[in-house]
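*Asks:* Sequence:
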Amino acid sequence: MAGCEASPGIAPEEVFRSGLILNPTLRPFLIFIRRPEFASSAPGRLRLWQWLGWQGLLLLALLLGGVFDQILRHVFHWPAYSAWLGVFAHPSWGAAVILLAAPALEELGFRAFLTAVPKLVFTGLAFFTAYVYIFIQNDLTPRAFPISSASALSRYLHAFRVILPAAGISLLLYRYRRDAIMAFFRRRASWVFWTSCIVFGAGHNRLYSSSFEWWSYALVMPQFLAGVGLAYLRASFGLRWSVASHYAIDIPLVLLVWCYSSPAPSALLRGMSVTLTVALLATIAYGLVVLWRVMRLRC
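When you line the sequence shown up against our numbering, it's residues 4 to 302, in that order.
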């Protein structure tokens, strides 16, 4: 790999077995985010154990972002509760439906267009436009507190009504301005990449405040960091890996919250909470091992 040298004691073939560097033609993560580029097909391949390494790093990013949030809340005395967190704190059909739909829909909205394939670009732009509209509308609309699961679900599903006109606009752009937009994506890949990550993070501000508060945007560091990792996985290995990673993050974490928030946990729930905690910590530890191996490279 040009510009990348292994530290003494690491065989060249070992360099490309880590979870971040897979073959001599794939750039490391730090080089990619410095200058993102989109390809018409995934430039790298992931195996299950390599993907688990990435899961560990994504969970570590969420953990560090959460620590950052706690420091900000302690220093500035910001509230620590949101109506949305109340929805996800207890099992309900509304929360379950959102949990099952959100990862796939968010990946379509924020990362489907991180590619050089025109059809995926314009499909992603339709979802992205709908999400941005919903985010703005939610921030400008007063919300009763506490919010019910049914109300949360109805607001979430409202995005489908917005997607239809957004899809129509995207279709017209695909028909008449496809070449110009694809040329912009090639020239300004960095702008597209970081816009995706920033808007994804900012769109989660309602997890930290039930009304429009400027400081809620300062608390989305966990989602922003996870968005950077998911965007890299999508651009480098394909949309299916970012979707799988999003589900693998959201579902265990929400299940863990449900187990710990139960007012009278049964033996089954206590056992599940311990199992999930151990599994998540083990995944983070494995991610640290992957990171340590990569940091031994001088790039």
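It is possible that part of the hints are untrue.
Stated by the list, open to error - Listed next, with one range per pair, are the computed distances between beta-carbon atoms:
#1 A105 <-> S265: 17 to 27 Å
#2 L75 <-> Y263: 16 to 26 Å
#3 W96 <-> Y263: 14 to 24 Å
#4 A282 <-> S43: 34 to 44 Å
#5 H93 <-> A270: 16 to 26 Å
#6 L33 <-> P121: 38 to 48 Å
#7 L174 <-> L66: 38 to 48 Å
#8 R76 <-> I34: 30 to 40 Å
#9 A186 <-> S265: 52 to 62 Å
#10 Y263 <-> Y179: 22 to 32 Å
#11 A186 <-> H80: 40 to 50 Å
Keep in mind that the hints were calculated from the coordinates and are not lab data.
Think of the CB as a built atom: it goes at the ideal place given N, C-alpha and C, for glycine as much as any other residue.
*Asks:* Please go over all the hints and tell whether each is borne out by the structure.
*Replies:* Hint by hint, here is what the structure shows:
1. A105 <-> S265: 17 to 27 Å: holds (22 Å)
2. L75 <-> Y263: 16 to 26 Å: This hint holds: roughly 23 Å between Cβ atoms.
3. W96 <-> Y263: 14 to 24 Å: holds (20 Å)
4. A282 <-> S43: 34 to 44 Å: The hint (34 to 44 Å, Cβ to Cβ) holds, given that A282 and S43 are roughly 36 Å apart.
5. H93 <-> A270: 16 to 26 Å: Check passed, 19 Å falls within 16 to 26 Å.
6. L33 <-> P121: 38 to 48 Å: violated (29 Å)
7. L174 <-> L66: 38 to 48 Å: The hinted range 38 to 48 Å holds for L174 and L66, with Cβ atoms some 41 Å apart.
8. R76 <-> I34: 30 to 40 Å: holds (34 Å)
9. A186 <-> S265: 52 to 62 Å: At roughly 54 Å between Cβ atoms, S265 and A186 fall inside 52 to 62 Å, so the hint holds.
10. Y263 <-> Y179: 22 to 32 Å: Given about 53 Å between the Cβ atoms, the range is violated.
11. A186 <-> H80: 40 to 50 Å: holds (49 Å)
In this structure, the earlier hints numbered 6 and 10 are contradicted, and the remaining ones agree with it.
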